[in-house]
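Novice: These are the residues of each chain, in order.
2 protein chains.
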Amino acid sequence: MTKEHIVSAFDRDLEGIQATVMKMGGLVEEALRGAIKALETGDTELAQKVRKSDRSVDELDLKVKHDAARILALRSPTASDLRLVLSVIEISAHLERCGDYAKNIAKRSIVLAENAQIEGTVPALRRMATFVLSMLSDALDAYIRKDASLAEAVIERDLEADDMYNTLFRSLLTHMMEDPRSIAAGMHLHFIAKNIERVGDHATGIAEQTIYVVTGALPEDDRPKKDGTSITFKPSDE
Amino acid sequence: MTKEHIVSAFDRDLEGIQATVMKMGGLVEEALRGAIKALETGDTELAQKVRKSDRSVDELDLKVKHDAARILALRSPTASDLRLVLSVIEISAHLERCGDYAKNIAKRSIVLAENAQIEGTVPALRRMATFVLSMLSDALDAYIRKDASLAEAVIERDLEADDMYNTLFRSLLTHMMEDPRSIAAGMHLHFIAKNIERVGDHATGIAEQTIYVVTGALPEDDRPKKDGTSITFKPSDE
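Chains as they are written, first to last, in the UniProt record's numbering: chain D, 1 to 238; chain X, 1 to 238.
Keep in mind that the hints were calculated from the coordinates and are not lab data. Be careful, since some hints might not be right.
Same chains, same label: a pair holds when it works inside one copy or across any pair of copies.
[Stated by the list, open to error] Taking lysine-lysine pairs in the PhoX-like style, the calculated list, with each CA pair at most 25 angstroms apart, reads:
| no. | residue 1 | residue 2 |
| --- | --- | --- |
| 1 | K194 | K52 |
| 2 | K23 | K49 |
| 3 | K49 | K146 |
| 4 | K146 | K65 |
With these hints in hand, go ahead and build the complete structure from the sequences.
Specialist: Following this line, the structure appears as structure tokens:
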């Protein structure tokens, strides 16, 4: 073995719980991709599948919390090992929320399959989803590799996700004003956009946990605001 | 002293961290009340005050996480003491999110102060806010008193909060369709409604932590769906 230290029972516990979180990450990414595909294609069967798959994510989240509590009780980790266990709890919570968003997008895609489309919105949502999915994937990568600079880069990209959301919000508003028949669909699409943007926030939250594990401190809370639509009409207010 | 056990340094640590969480709870309740008042009165100064106050909530959340990590590292609690420390971390995260919602409502109230009102919506939002604030307050009470049955009652009330939100959503949709000039305001009011409804979800999450501390297990995840608007046009889909 070329590892720097002997693999102890504790290390195996830590690896096990991190593997569970990574499995959750994989399921959540798949659910998000499925939800967006269901939205694009109007495939309600796929949407139902995505909705049901959220149960597995929730179960893994409970497993992570349970395993973490067990490790804390049995092993009493300190310093960086303790941070690792605490970070796993936080990351699991972030992923669980992302799973909820995927489920919610899938639900709305079923309603939208029966409504008229608003031109250009779904492709814009797909671009946004692709963008935040790459943030999520990099955030999980940064965590596993304990790569603080990759984590920093994820946090910086959140501004761009916010911009994409704000642009989409304005475009939706215009469509709804021009054609009031599109209002119901517009409100659902708006929520989908918001859900996707929130996945970016959670990717950022995961990236912050990597920085916490590596440096022992959370980054200063001066990161970009989470929602710019409240200032759409008064940008100077920020 | 009539207490059943001698107050140890560990008990003092636990009491300290719980006191911090209760302080957070107080700040968050005040922020939510302030945000709704700012919305009702168009008081943009109050709204700005609410926005700024979120920083204190965020700081307390970091303090809770820091103190919890310290307790875990120094005291290595097990069984119910460990559950208590873990629950405090979770509750703090729920409150931090509620603080974000208050801040977001305050921001939107500033935009809305310059827009035409949609009749009846703000009073409905106030009723909803009063309802979820009582859920939040009871959830925190149940936690401090370790009262699982009060916690159960909070969880049950979440269905009613969801109903209030769904009713409001349909009413907003109708207004927006009838008067497209109200669309921009309607979208902000919709988000405020959603934020208030989410506070109810977080109150439920806090109540679940009480049950976890008291019984050692989280309730089964069969609680009411978080958002019913995605099925507004197809109730059979649930």
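Novice: Determine for every hint whether it applies to the structure shown.
Specialist: Verification of the hints:
1. For a Cα distance limit of 25 angstroms, the shortest separation of K194 from K52 qualifies both inside one copy, at 22 angstroms, and across copies, at 23 angstroms.
2. Proximity of K23 and K49 under a CA criterion of 25 angstroms is satisfied intra-copy only: 18 angstroms inside one chain copy versus 43 angstroms between copies.
3. Neither within a single protomer nor between protomers do K49 and K146 lie at most 25 angstroms apart by alpha-carbon distance, with minima of 33 angstroms and 39 angstroms respectively.
4. Proximity of K146 and K65 under a CA criterion of 25 angstroms is satisfied in both settings, with 21 angstroms inside one chain copy and 21 angstroms between copies.
Checked against the numbered hints above, the structure breaks only hint 3 and satisfies the rest.
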